[in-house]
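Asks: Residue numbers (my numbering), protein chains in the order written: chain A, 1 to 223; chain B, 1 to 293; chain C, 1 to 1014; chain D, 1 to 88.
It should be emphasised that the hints constitute simulated quantities derived from the structure, not laboratory data. Wrong hints could be hidden among the right ones.
Derived SDA-like pairs (lysine to any residue); straight-line CA-CA distance at most 25 Å [to be verified]:
hint : chain 1 : residue 1 : chain 2 : residue 2
1    : A       : 21        : D       : 74
2    : B       : 114       : A       : 48
3    : B       : 225       : A       : 173
4    : C       : 985       : A       : 69
5    : B       : 180       : B       : 88
6    : C       : 565       : D       : 65
7    : A       : 187       : B       : 199
Here are the computed distance ranges between Cβ atoms for each label pair [what the hints assert, rightly or not]:
hint : chain 1 : residue 1 : chain 2 : residue 2 : range
8    : C       : 815       : B       : 234       : 16 to 26 Å
9    : C       : 167       : D       : 86        : 15 to 25 Å
10   : C       : 684       : A       : 129       : 44 to 54 Å
11   : A       : 79        : C       : 865       : 44 to 54 Å
12   : B       : 118       : A       : 194       : 46 to 56 Å
13   : D       : 27        : C       : 189       : 27 to 37 Å
14   : B       : 247       : A       : 139       : 53 to 63 Å
15   : C       : 449       : A       : 129       : 13 to 23 Å
16   : D       : 26        : C       : 958       : 45 to 55 Å
17   : A       : 139       : B       : 165       : 15 to 25 Å
18   : B       : 26        : C       : 950       : 28 to 38 Å
19   : A       : 194       : C       : 865       : 57 to 67 Å
20   : C       : 315       : B       : 234       : 52 to 62 Å
According to the in silico footprint, chain C covers these stretches of chain A (three or more CB under 8 Å from chain C) [what the hints assert, rightly or not]:
hint : region
21   : 23 to 32
22   : 179 to 190
For glycine and all other residues, C-beta sits at the position ideal for the given N, C-alpha and C.
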Amino acid sequence: MITGEQKPFEEIWNMVKDFKKVLVFGCNTCVAICHAGGGKEAEILASLLRMKASEEGIAIEINHNAVERHCEPEFFQPVMEDIRTYDLILSTACGVGVNLLSENIGDIPVFPAINTEFFGAVPRAGEFTELCAGCGNCILHLTGGICPIARCSKSLLNGPCGGTNNGSCEVSPDIKCAWVLIYDRMKKLNKLDLMKEINEAKDWSKAQGPRNFKVKVLEEIKK
Amino acid sequence: MSFRDILDSGKFAVTAEIGPPKGTDIKEMYHHIEVLKGKIDVANVTDNQSAVMRISSLAVCKIVLDNGMEPVLQMTCRDRNRIGLQADLLGASVLGIHNVLCLTGDHVNAGDHKQAKSVYDVESVQLLKIVEGMNNGKDMSGNEMKGATNFYAGAVVTPEANPLEPQLVKFEKKVKAGAKFFQTQAIYDMEKFKSFMAYARKFPVKVLAGIVVLKSAGMANFMNKNVPGISVPQVLIDEIKAAGKEKALETGINIAARHIKQLKDEKICDGVHIMAIGMEDKVPMIMERAGLL
Amino acid sequence: MNDKISSPKKGSVVIVGGGIGGMQAALDLADSGFKVHLIQKDPSIGGTMVMLDKTFPTGDCSMCMISPKMVEVGRHINIDVHSLAEVASVEGQPGDFKIKVKLAPRYVYPEKCTGCGDCEIKCPKKIPNEFDQGIGKRKVIYSLFAQAVPNTRAIDARHCLYLTKGTCRLCEKACKAGAINYEDKERVIEINAGAVILSPGLDRYDATVRGELGLGRWKNVVTSLQFERILSASGPFKGEVKRPSDEKHPRKVAWIQCVGSRDSHNANPWCSSVCCMYATKQTIIAKEHDKNIEPTIFYMEMRAFGKDFDKYVERAKNEYGVRYQRAMISAVREEPETGNLMLRYADEAGKLIDESFDMVVLSIGLEPHKDAAKFAKTFGIETNPYLFAKTSPLCPVQTTRDGIFVTGTYQGPKDIPDTVMQGSAVAGEAMALLSEARGTETVHKELLPERDVENEKPRIGVFVCHCGTNIAATVNIDEVVAAAKQLPDVAYVTNTIYACAQDNQDMIKQVVKDNNLNRVIIASCTPRTHEPLFQETIRDAGLNKYLFDLADIREQCSWCHMGQKEEATKKAVKIVKMSVAKSRLQKPLKTDYVGVTPACMIIGGGIAGMTSSLSLADQGFDVHVVEMEKELGGLTRNLFRTLEGNDVQEFLKATIAKVQAHKRITIHTNTQVKKTEGFVGNFKTALSNDTLISHGAIIIATGGTEYAPAEYLSGESDKVITQRDLEKRIASGEKFNPRARFVMIQCVGSREEPNQYCSRVCCQDAVKNAIAIKEQNPGSQVIILYRDIRTYGLREDYYKKARDIGVMFVRYDVDKKPQVEKDGDKLKVRTWDYMLNKELMIDADWLVLSAGLRPHPTTEGTGKMYKVTRNQDGYFLEAHVKLRPVDFPTEGIFVCGLAHAPKNLDETITQSLAAAGRAGVILSHERLAVSGIIAKHKKELCMSCLGCFRVCPFDSPYIGEDGKVAHNEVKCMGCGICAAICPAKAFQVNNFRDDQILAMIDAASECESGVVGG
Amino acid sequence: MNKAVESTEEAKAPSIEKPHETPEGWEPNILAFACHYCAFAAADLAGVMRLSYSPNVKIIRLPCTGKLDQIYVLRAFEKGIDGVFVAG
């Protein structure tokens, strides 16, 4: 799932303060699950902004709303008419949503209230962690299912650097050294030989945007 | 004799580090070059060490060369992509620099530009392969180049990494990728190092043991706690403590010299790489006490 | 089970004593189809626990825990509380007793008294308050304490001016309900019951007997119970730690342990079991109330033998800086000018020290009531020499008279959870005895059909209560009535003198009908006590009971704002507004039911599992015992005698035979649980022997293991054995060298990291074996090296006996553990002797290690399977350390025996009976009601983020077969944590929905004066 | 300490809102959210013991303080409540 964290409130306030009618617009899919940008968070943010506005003595009308997903235009089409009555949409969707809404909304600005982060797993309640970098060229079959691109601070492909430290990364003791994890897992899988093979420099072309792809079946149906 | 020839001849090699400064004032660096010239075999020029921005390694290598010493160009993968790295390798080659130490490089997190975007387009093993390819007249994409390079390529290894096994996997990959010589992370425990060398000797590579002078017991404790792959045995810490604050550095120098002498006398490895870290002046003294001068 | 009316046995039980143990038994029995008569000597139930401020080792508020239970007992349709009552005689036999009960005059009509307390204010005479241990004062017409149940006032005839001197009658004038009855007389009633449970509780040692300690002579010497009242927020100093002489804040406070306990010369020979821990608790709470206090505990032995007790003591030492001084206090003297107290004691080196303290607390012990001998005679039971009820370790809650059971401190000194455990245990025993009479005497209320108001516009009726003068004296009722009339959807408003009075209930019903009301609000007192009453009233009027709301304008308004009439009235109006805002949005809620499979699965076939299985089978339920080993018996197979001398193997054999013979018990040996699905009342379990069983409850009795020591040359010399080995050798008749020297080392593998807990059984084992050796060969020598001898309760007798027959006890310190070396065939043990202050070198023929207990290795897996937590040491964690000692937070799952914590055989048996009693409560129901106040899950809004799934303490959200989050409403307790965390707002708690709370917030923030409150 | 250092120290300190001037006799309007089982019971006990506190405190009962939603607190503040007290 796509994860995101709300921007610092001051930053959001500075985006909003010069507008007169603002909609805080939530997305009820990925960012709702990470408690950052669903309808509930949009409501909370709207409330905080209203209080800030009243404290600053600025008259802004601030409301909130949310739809299922911002990354498919059909979901926000039904509320488009209402949305267009605002002079700023503060989106709590991920960056994808902000882009797509901007494209569809005409001349009303759409600002992000979220810093979109990564594809995350939820190993424990309230904890989000990056396990895949979306590099477009998966090698997990070579690394015991543990991604060195996403999980090694240097995205190394041939083993740990000298900074590996009792299973932790030199960057932070909280980061596990991906290559120690890979080594242990490969050993368990009896696949250490595979790890001894030199991995060639990565083809990064697939990781560089703008990227898109088409689903063939759907293309056929359209035809 | 070139660095390659020294090592091939079986002579005990000594290298030391030259750290390029931040800024254009290079008086002190010149001084270090003067002090080391004629004493050590080659000077190893660091590449934005610890991810702290400084004069480029390539430029300083050229200065070292012009001042009569043979340089080793350290090259990390942090700051340049594969195009930049190859371009600089060609540049080094035409400037007469023929030793390259291929490193992945410390993370930007350790340095003074923490917000920088790390590159790591390729990493040490792949860089070694690039060097090998260029020595054969081909760039990384397999294009023929007009004129090949002739690099003597090296790499680093941490004999006391924890856990060690994945580190050794990588060591072997580096050998396979074309590393001819290795410098190690600082070592203090001779017995452990000997067992590492027993393993390393199985490969056709030269190994220079990393030597870092202990300045105090505090520094030793700090490194034990904070520097991955370094472990200073308690007896050495006790030795420095016993000497008292005044004589700590003196004791540290003696320990370094003692270790170097043992490495040479017992033919444990092929040379040493002294990382003076701001004490370049003291390198001749260490060498003298180790019986190398 | 309701159709056995012809049973010769009675379906009712008399419980004598309404402390926490009696209450637990009463609730368990009444909740499982038995009529209960609770006989209480005092004007209120509650016993000792209500006097306590906090409880160890969790620091929970005692009153907060017990008060809801008291309310539950007081309101239970099948519990009759007879207060100010005593049993005069018991005749008959098990299943059919005739009990005569003497009811003392109360001088107040219970049916008229509303408990408002107006009389108390007017009563002119104050006397020392026995509830506050004489430190504070109370009136002559009184309730025992603020939360008393029943809350009916009583007149203390000994002090009443009218009853003694014929003048006054002020209370009669004050009472608007006309509840005073000066003509009241003693009455005798007869109750016919199937069983009798004795839970009379305890008395406390009168420390004035030990004059040298100064109680009663020096003002700043108080008893531990007095100190408990001092700590209590509802006590004489409102929780401020002050000393009695000058009400100054004491700095240095000393606790003197074992006052009246473990002293066969001046006092009681037994150990009171609780003083070490309550003293530790008091020091911690005192520190929390006032950080300047420097507590010192003078003790001889720190008996922190219970679950997590040692950790508590460690915390007191390390986090609170409590000083523990091992010393006997020989005298306490007051320094006349300061009121401070000089304590004289010998330190560990034997040096005499005088130390001054600002205050001294005597940790007084527990003892049977003064009239214990007479009490026993009334019931025709035998006592032990100390006048505790006589029981056997193998039948720990049965008295010598069949059909009469005993629970709590009358059986022997014990703490709250052990008392509660026994409460459930006796309930289980009574259920087993009277199983065929279950449901024959209980009443069920027949209810009218509910009126369908779903599509009606809200029509709210508001009743504003004067509560005599309690509310009306401070709040202007007319103004509240007038304001309420202006509120939207309010169709009817009136005032009433006592909303809760019986005649008023009929009035409310009539008003609801006459005015076609569909919501009712009573503005009076707290919903915590009165909501159920009024809910019942509107239900009788045909309204769904959740269409009711109580606006608390007494506890939370008039009583707190006396003398501020205007503000209090304004606030009362606001409270009513908030209530109306909520009420408008109320919806009728359905109470759902789920069926119950009347069978229980018990995991573990040790003595715990077998005891539970027999009790449940006797109660009439099918039982499956799942034992992973090939035979039943568990660790008990290694036990041969109890400390008291009972033959354990004989008992085990008999128990196994009974279990095997019982037609309701199915034994699955060599079997493990593969998977359990379902919820309370409806579990389905697949066993590894490919059986699939349906059951309504689960008892986890997985036991523990004995620690196999690695220390002290264990395994290196065959002269180093464990207590268990020694016990076996003694039992098998092995003849030891008559002059052999045995050294025993205690706490091997216990009470130090990583096993920072006491294994509880080892001290008695050592004492037991030492006595056996000495009795076999008086010429042999036994030396026990110990840290603290923890022969708590009546076990202390055997410690004394061991010393008397020459067993030597030498203390060691954990930092200076004994050293053992081999010396040819013998062993050399070196240890420091603190008495002699030198190292001892002992030649030993045998070294006996008191190896502790460990959780069973399956505990972790079982815990994960049933999502029940374990404590730091790996033992299962019960739902509540004090009041739910055999329950898990997940309904329908219970724990007993070593799986819960280390304990002795009698305690395991008790806990197992308790687990059977608790399980019996569930299994006795044909169906279980699901509360209306639960979280409702809207699947269409849910995005299965698992927030609820992860935070729910009751495990009610689950991942359904469709792979999406679903919600099991049976498990839901309505706490609403799911609703708060849900990012999709897919959860709403009935009657606490977001729209209702927000409406209340809006109502609360409306300003009436035109000045914005902010 | 030189001026420059002083000012950076100040900048580093968390920005604490300065209290507003309050008019004479002003009393804050306080809303308490209380757990049914403990804090609400404690409020009852305060009444039973006749402990006095400001009448400007009103209590909303929750089944558990875990039920408290952020939006309750925000709504209260938006509606002009001056202080919110959560007890459980």
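Asks: Enumerate the violated hints, using their earlier numbering and listing them in ascending order.
Replies: Those not satisfied are hints 2, 6, 9, 10, 12, 13, 15, 18, 19, 20 and 22.
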